[in-house]
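A.B. asks: Spelled out, the chains give:
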Amino acid sequence: MHFLFKTRYEQDISLFRHNGQRFWYALLALALVAAPWLLSEYTLSQLSFIGIYSIVCLGLMLLAGYTGQVSLGHAGFLAMGAYTEAYLQANGWPFALSLPMSALVAGLTGVMIGLPALRVKGMYLSIATLAFGFILEEVVVRAEHITGGNSGMQIGKLIIGGIDFDDHVNFYYLVIGIAVTCVIGMLNLLRSPTGRAFVAIRDSEVSAQSMGINLAYYKTTAFAISAALAGISGALYAHKITFITPDQFGFLQSIELLMMVVIGGLGSIQGAIFGPSFWFFAQQLIVVGKDWLPSALGQQTGLQPTIFGIILIAIVLFEPMGLYGRWLKIRTFLQIFPFYRKGMFKRQKSYMKSERMK
Amino acid sequence: MTTPMLEAVNLSVQFGGLKAVDNVSFDVWPNEVFSLIGPNGAGKTTIFNLISALYRPSAGEVRFEGEVISRMPPYVVARHGIARTFQNIELFEHATVLQNLLVGRHCHRHTGWFQDLLFTGSVRRAELEFRRQVEEVIDFLDLQHYRDSMVVGLPYGVRKVVELGRALSMRPRLLLLDEPSSGLNTEETEDMGFWIEDIKHDLGITVIMVEHDMSLVSRVSDRVLALNQGEVLTLGTPQEVQAHPGVIEAYLGGVEE
Amino acid sequence: MLQLLQLIVSGAAIGCIYALIALGFVLIYKATETVNFAQGDLMMIGGFIGLSAMTLIGMPFWLAFLVTIAAMSLVGMGTERLVLRPLLGQPAFTVVMVTIGLGYLARGLVTMIPYWGTETHALPVPYKDEVIWIGGEPGSNDALVLSVEHLVIILATVALVALLFVFFRYTRLGIAMQATSQNQLAAFYMGIPVRRVNMMVWGLSAAICGVAGLLLAPITFIHANMGFIGLKAFPAAVVGGFGSIPGALVGGLVIGIVESLSGFYLPEGFKDVAAYVVVLIMLVVKPNGLFGDNLTKKV
Numbered sequence: 001m002h003f004l005f006k007t008r009y010e011q012d013i014s015l016f017r018h019n020g021q022r023f024w025y026a027l028l029a030l031a032l033v034a035a036p037w038l039l040s041e042y043t044l045s046q047l048s049f050i051g052i053y054s055i056v057c058l059g060l061m062l063l064a065g066y067t068g069q070v071s072l073g074h075a076g077f078l079a080m081g082a083y084t085e086a087y088l089q090a091n092g093w094p095f096a097l098s099l100p101m102s103a104l105v106a107g108l109t110g111v112m113i114g115l116p117a118l119r120v121k122g123m124y125l126s127i128a129t130l131a132f133g134f135i136l137e138e139v140v141v142r143a144e145h146i147t148g149g150n151s152g153m154q155i156g157k158l159i160i161g162g163i164d165f166d167d168h169v170n171f172y173y174l175v176i177g178i179a180v181t182c183v184i185g186m187l188n189l190l191r192s193p194t195g196r197a198f199v200a201i202r203d204s205e206v207s208a209q210s211m212g213i214n215l216a217y218y219k220t221t222a223f224a225i226s227a228a229l230a231g232i233s234g235a236l237y238a239h240k241i242t243f244i245t246p247d248q249f250g251f252l253q254s255i256e257l258l259m260m261v262v263i264g265g266l267g268s269i270q271g272a273i274f275g276p277s278f279w280f281f282a283q284q285l286i287v288v289g290k291d292w293l294p295s296a297l298g299q300q301t302g303l304q305p306t307i308f309g310i311i312l313i314a315i316v317l318f319e320p321m322g323l324y325g326r327w328l329k330i331r332t333f334l335q336i337f338p339f340y341r342k343g344m345f346k347r348q349k350s351y352m353k354s355e356r357m358k
Numbered sequence: 001m002t003t004p005m006l007e008a009v010n011l012s013v014q015f016g017g018l019k020a021v022d023n024v025s026f027d028v029w030p031n032e033v034f035s036l037i038g039p040n041g042a043g044k045t046t047i048f049n050l051i052s053a054l055y056r057p058s059a060g061e062v063r064f065e066g067e068v069i070s071r072m073p074p075y076v077v078a079r080h081g082i083a084r085t086f087q088n089i090e091l092f093e094h095a096t097v098l099q100n101l102l103v104g105r106h107c108h109r110h111t112g113w114f115q116d117l118l119f120t121g122s123v124r125r126a127e128l129e130f131r132r133q134v135e136e137v138i139d140f141l142d143l144q145h146y147r148d149s150m151v152v153g154l155p156y157g158v159r160k161v162v163e164l165g166r167a168l169s170m171r172p173r174l175l176l177l178d179e180p181s182s183g184l185n186t187e188e189t190e191d192m193g194f195w196i197e198d199i200k201h202d203l204g205i206t207v208i209m210v211e212h213d214m215s216l217v218s219r220v221s222d223r224v225l226a227l228n229q230g231e232v233l234t235l236g237t238p239q240e241v242q243a244h245p246g247v248i249e250a251y252l253g254g255v256e257e
Numbered sequence: 001m002l003q004l005l006q007l008i009v010s011g012a013a014i015g016c017i018y019a020l021i022a023l024g025f026v027l028i029y030k031a032t033e034t035v036n037f038a039q040g041d042l043m044m045i046g047g048f049i050g051l052s053a054m055t056l057i058g059m060p061f062w063l064a065f066l067v068t069i070a071a072m073s074l075v076g077m078g079t080e081r082l083v084l085r086p087l088l089g090q091p092a093f094t095v096v097m098v099t100i101g102l103g104y105l106a107r108g109l110v111t112m113i114p115y116w117g118t119e120t121h122a123l124p125v126p127y128k129d130e131v132i133w134i135g136g137e138p139g140s141n142d143a144l145v146l147s148v149e150h151l152v153i154i155l156a157t158v159a160l161v162a163l164l165f166v167f168f169r170y171t172r173l174g175i176a177m178q179a180t181s182q183n184q185l186a187a188f189y190m191g192i193p194v195r196r197v198n199m200m201v202w203g204l205s206a207a208i209c210g211v212a213g214l215l216l217a218p219i220t221f222i223h224a225n226m227g228f229i230g231l232k233a234f235p236a237a238v239v240g241g242f243g244s245i246p247g248a249l250v251g252g253l254v255i256g257i258v259e260s261l262s263g264f265y266l267p268e269g270f271k272d273v274a275a276y277v278v279v280l281i282m283l284v285v286k287p288n289g290l291f292g293d294n295l296t297k298k299v
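Protein chains in written order, with our numbering: chain A, 1 to 358; chain B, 1 to 257; chain C, 1 to 299.
If you are wondering where the hints come from, they were derived from the structure by calculation, not from laboratory data.
Careful, some of the hints might be misleading.
[Unchecked claim] Among the chain C residues that face chain A by a calculated CB cut under 7 Å, a handful are:
#1 78
#2 86
#3 94
#4 159
#5 279
#6 283
#7 290
Don't be surprised by glycine CBs; every beta carbon is placed ideally from N, CA and C.
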């Protein structure tokens, strides 16, 4: 096993723990750059989708996994980003301005939705976000002169500096570039005082405020950053899908985002990327697998939700750290082979912390 | 020294019909160890919650260095230099000991979230400085071994020390300790006693403590306030308070009569 | 005036459905502190079971009703035993996620069951599409027209609530459930088998949802996404005060009536979000709801 001998404080705050890690991430970066030469157009487009969803999952991870505020209306922020981008593009804004604007509009919506978080928490907050999600969806439907209502909205060609980014390779690079930037930003946030304040709020609000943390400020900030990431993701989504309708941003979408985050592994950045990757990969598997199944089963539209539902329940029951937790175990197993013991990652038996007075 | 560090003036608080704290007044002077004792339900922890502004008094006020703090939000009170621990330990369980202690430096940060997002040079320098300051606390409390452990896996006794360390990382001027020895074995309680004495003498921090273990109380306290059912019984040196007939009666339930 | 009365009656009928789902949800919340997001989907399953009993097996409505209640109790208890109990002691969010997963799974699974499928089904109740005219000849404009479907919902809800009241007040199991939801530890020490009681609570809650499903079916038809109506039970529960049984009933009625009125008097679109607007206002003004306790964490 790799043992780290630390000699400087800097080692604890640098992005990479050791050179081995640096090597593997460099390899990953290389693979991402080389992907267009190695993969088919269809696979590349799936990778773009994974990148887009990773961005929104990062935001949701920050909110649910690190700050402990569960949002059941996250698709609403996605919608804000997508429609802002579509509207601004239609009005001839350059992408370099319209993308930050989409993030800003979604972020401000996030602040607004974060406001109930100052008064209520836990389940009440989730219900408030759920309510906001439904209201936002309805607002999008009714604001027909901007959004085209239920009949949807077409988004124009994405051209930046004369280069056509609707081209699938260029678009792929654009998405990956933005996604990597977002990941780095998130890592920065989490290794700094702001990130620690989020974690503090998640684990104990009472002691967080006794340590001088302004709950209202940091909860609002978490909502804003999370929503802004969803806004960026929404803008890219709009370009990818080229035609957006309100029902793409409904309650089901919010639920699926949350499922991705939980399947990926709550409380880890890697989880926010593993989640959507797994989601799209499994979708492909199901599509392929359908041909092998008897047609009575294979043709069912309910097959995919059934499988994803079972996977989610299984993950929560048997692997609460999600795919990332599973990965950690496999890695440890390989590193210390043959000394792995069964109970090494045993879940701590904990007692339910009742929120009741009595 | 003309003004006390902390003044509680005619403090009262009511929950429904129950008077948890009833017209309690006391002063705490700089660099003393001041203990609150009393049977269960005497209102000791409630007084702590009033000082750290988690509760609002229904009458009276708390002043810190002459300034009324009982109407401020809790995080502002913390920034005035008041740190506390909790009876049932309120650590950030899914973070490492180091991260817990670093949260203690929170009120000394100068960077905003946007600088954090970019991890600018000033954030980096501040982080290194925080880390150096926290290492001092780790040395002081002998926590080196647990630095990178998750709190969730630590034994109770260690958590208690980590929580003390987190409060000390704030470099407070006033430290509130809610039952520092509860759940500790004799040896750990002994250590706790030494640390409280060191906190007072070496770090110059004023301590208010709620405690049941009378030997610890009499060992470290300068003055003791005895409470019963929300009211003050008596205030004095540990010996005076222990000899007070009202205190004996409150604890033993009137055996004397 | 007549119109207003009519709107209130139809709103109250839908409100009763919300109230029943909210009731099932509050029962589970009070007993286990679990927020069950699959409550609406339980209702959907109840609807399908009743449908199968009537159209496939050919049972009369009243028998299908009883069969649904029995089957749903088993579904509820089975869910608790298989999925929820292993999670005892896990953080609230974990449990919430599992119930979300259950709902997601149920919606998928139902479409794969032969005959149930993705289509919408009508439940052939004996009182389908019948109306009663009050205060005038049938067909006249000054008469109050009440749909029997709505009246049945309201009357059945009243009957069910009365039955539940008797159950909680006078039966051993009912009293045990009350005790468990007030203080689990004390109930355990008094010799109440808390785990088994919790399982029963799930069974009861699912049965109530099954009833709601059967009552709602004549109005909305039965289909896989019927459960989304159950999401409106959250506003109902919050308005009444999370964890209060009378609150859930009143909350459901409030939401139902507000929805019905805003559908008529306000521009299009408001009806769908009325429940959510009400809940947001409630959360800002009075987060503990109409009948809720003041919940703050003790340190």
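A.B. asks: Now look at each hint and say whether the structure bears it out.
C.D. replies: Hint by hint, here is what the structure shows:
1. 78: Violated: closest Cβ of chain A sits about 14 Å from residue 78 (chain C), beyond 7 Å.
2. 86: 6 Å, holds
3. 94: Cβ of residue 94 (chain C) sits 6 Å from chain A, so the hint holds.
4. 159: Constraint on residue 159 (chain C) not satisfied, violated at 29 Å.
5. 279: Holds. Min distance 5 Å.
6. 283: 5 Å, holds
7. 290: 14 Å, violated
Going through the hint list in order, the structure does not satisfy hints 1, 4 and 7.
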